[in-house]
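Participant: Each protein sequence line maps, in turn, to chains A and B.
If you read the first sequence in full-length UniProt numbering, its first letter stands for residue 1, the second for the next number, and so on.
If you read the second sequence in full-length UniProt numbering, its first letter stands for residue 1, the second for the next number, and so on.
Bear in mind the hints are in silico, worked out from the structure with no lab data behind them.
Heads up, some of the hints might be wrong.
Mimicking DSSO-like on lysine-lysine, the simulated pairs with C-alpha atoms at most 27 Å apart in a straight line are [said to hold, decoys possible]:
hint, chain 1, residue 1, chain 2, residue 2
1, A, Lys193, A, Lys28
2, B, Lys51, A, Lys28
3, A, Lys108, B, Lys28
4, B, Lys52, B, Lys193
5, B, Lys199, B, Lys28
6, A, Lys99, B, Lys143
Owing to the predicted nature of the structure, the values given are computational and were not obtained by experimental measurement.
Number of protein chains: 2
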Amino acid sequence: MRSAEIIAVGTELLLGQIVNSNAAFISKELAECGVYVYHHTVVGDNPERLKKVIEIAEKRSDILIFSGGLGPTEDDITKQVLAGYLAKGIIYDAEHLTKIESFFAARKDKMSENNKRQAEIIAGSHVLSNDFGFAAGMFLEEKAHTYILLPGPPSEMQPMFTKYAKPLLLKNSEREIILESKIIRFFGIGESKLADDLKDMIASQTNPTIATYAGENEVVIRLTASATTREEALRLIAETEEEIIKRDGAYIYGSGDVTLVDLVIQQLMEANMTISAAESLTAGLFQAEFGGTTGISKIFKGGMVTYSSEIKHELLHVSNETIEQEGVVSQACAIEMADNIRKLCKTDMGISFTGVAGPESLEGNPVGTVWIGLSVVGNPTLAYRYIFNRDRNYNRRRAVKEGFALIKAFLDEKFDKKEK
Amino acid sequence: MRSAEIIAVGTELLLGQIVNSNAAFISKELAECGVYVYHHTVVGDNPERLKKVIEIAEKRSDILIFSGGLGPTEDDITKQVLAGYLAKGIIYDAEHLTKIESFFAARKDKMSENNKRQAEIIAGSHVLSNDFGFAAGMFLEEKAHTYILLPGPPSEMQPMFTKYAKPLLLKNSEREIILESKIIRFFGIGESKLADDLKDMIASQTNPTIATYAGENEVVIRLTASATTREEALRLIAETEEEIIKRDGAYIYGSGDVTLVDLVIQQLMEANMTISAAESLTAGLFQAEFGGTTGISKIFKGGMVTYSSEIKHELLHVSNETIEQEGVVSQACAIEMADNIRKLCKTDMGISFTGVAGPESLEGNPVGTVWIGLSVVGNPTLAYRYIFNRDRNYNRRRAVKEGFALIKAFLDEKFDKKEK
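Using the sequences and the hints given, assemble the complete structure.
Facilitator: In structure tokens form, the structure reads like this:
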């Protein structure tokens, strides 16, 4: 098993101006390649200190991965220092040199000599193409060590590593390794609870690797298996996935990169069901989720933010009787809001959100109480009560997600589709 | 000038499961203390490798700051390894031991011996109180080096460092240092343009330090000065601030931690002006910004999301004439929407957003065209056209911010208040 060290070069990292997210990204990728990372190092734009860091790294690591310091300024020193250290020359890579020269020519901009530096590579290295920038990356194999040089900006580094460096690392392992990944998506369970449920699996993981990522209110698990054949890798994943489903399958809503909101919007588009919303405490957060999708006007027409009781009554026609007798934080109010917005906007579905944002309780309901109403033409209108107990904005965002989960549950039942 | 090395301990960092944000936080704090950070290191929960890392760090750094590895499990080894390395004993800190024992007693939970480990400290060290967790921190001064041990979780580490460790570092410098910070807030200028305008100042900064932080559509500069008196520190800041104002004062909207949205909401509350909104492409993003503030119902009553032309006409009463002849992405439509929502909701102010989300142009307007209308009782209704040219969601969020900036401009003029 090969060992690796990730060396990030850049004084801005040591000043704390940016966070070293590159090391985490590369580490995660290496874990899937069966390469152990034993050290991360960050050093500044200082040739002497970088040289010493390389000396130390060579004693303890097989693979040295550098990130940063490949740019056009005087402070960009990574390849120059490494080339000097390894007593190798520096030559131009034609492809990157052409890209840089063309860019400046097209802009009729004066190109300084410095810009050309980004096309320089260490003689004998394999060039890694920079598809999102100018600085050429490098993969250099020597007798005792492998050196990989990557640019600093994540938007350039990540694609370069994944697309060009990783396959070389996999190829150079003793046998050709094939990787397969699967992402499993959860809603309604927190990351620590999920990690706790899978504690033994996570602790003893080797192949596949089990990585959890927490978004707010959503958790994602990425399983990555390595094997000599694709079938074997998929089998390993399926085995682990089966055990996860046994334990927490109830919270799984999907797979891959499609979030809960995306999935429900897709379902609505496929079902050709139009939707409108009336929001009180969420104040537009739910409807705003529709604005990001191309072609959304096919199913989303609009709605209201009925923040005050007066507006609920005057614009949305919620009856004074309901407001005075049941209160605005009530099943009756949620139902009326959902029904009325659906009819006003002439949509198939209407959803409502009304609750207690805080900090004080309202009408005897504790802070975090939310009623969500769902009105669908041809179906009885239902309202559901939730109690969330974090801060105001978390509760609002959570309510929005629960609204989407409610719509999903309705559509799943109606169309008998359960996403695993 | 003292040099520091930040050593993060934890295998989960090397697996890429979490990002080493602690190093960036501590580095930024140290920069303000006049301490130079020359290295960051990450090592796993392995005593041998940690010991070697300490050896290397001592040769090149005066101050060694450890983060992580202070927890209750077998993998938590930082203080044990350092104590062994320095040939020092381990003793209990009474305060933390009591806190741990009380916690478990109150929950009638069985406390394992492991939990008590968090109250152990290296003999001779100064205890740093953990106000948000159980693991005691340590500040240990030896002849040639200073060692600071901090817990891993940022919610515990950050307050411990800022409140307890930093003052000790400042005290131990040759003279007592006083720090003053000022945050200057910008809107309407991008971070790279601002950094470019201040390039020479940023490159040659020593005291005060100049740190830029980019939020989306907002940039913040934090100036931090260190001096032997508060007056001198403030003077240094004012000097630098004056130069920044000379160059980019037009973009400064505020100071401190109050964002543009917070500031405008405050201004509306102070002016006692009620507001409603009609949103098309922003689809609720603008109104959603109001939902986060306690007591907002004093000025915010609600509004509409009029995503389709039909809804603009049927619920908001935008005339068919305007829709057909001027189009929905027009000055006339923006003005009508703003006027109508103001009257319907009976508020002092009405604001509207209508534009081209994309991906295709609409009514001959390019993607990213946005009209924002502002209707204020007793004032001529005005509409402003913007063209944003990034992706759909960026354009929507940018439009929301511009809406707030528009309201601010109106209120500033009306009340003759200019925030510097």
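Participant: All the hints need checking, so say for each whether the structure fits it.
Facilitator: How the hints compare with the structure:
1. A:Lys193 <-> A:Lys28: holds, 22 Å
2. B:Lys51 <-> A:Lys28: holds, 25 Å
3. A:Lys108 <-> B:Lys28: With a Cα-Cα distance of about 40 Å, the restraint between A:Lys108 and B:Lys28 is violated, given a limit of 27 Å.
4. B:Lys52 <-> B:Lys193: Outside the cut-off at roughly 44 Å; violated.
5. B:Lys199 <-> B:Lys28: Distance of about 19 Å is within 27 Å: holds.
6. A:Lys99 <-> B:Lys143: Given pair A:Lys99, B:Lys143 is violated - Cα atoms ~55 Å apart, limit 27 Å.
The structure shown violates the earlier hints numbered 3, 4 and 6.
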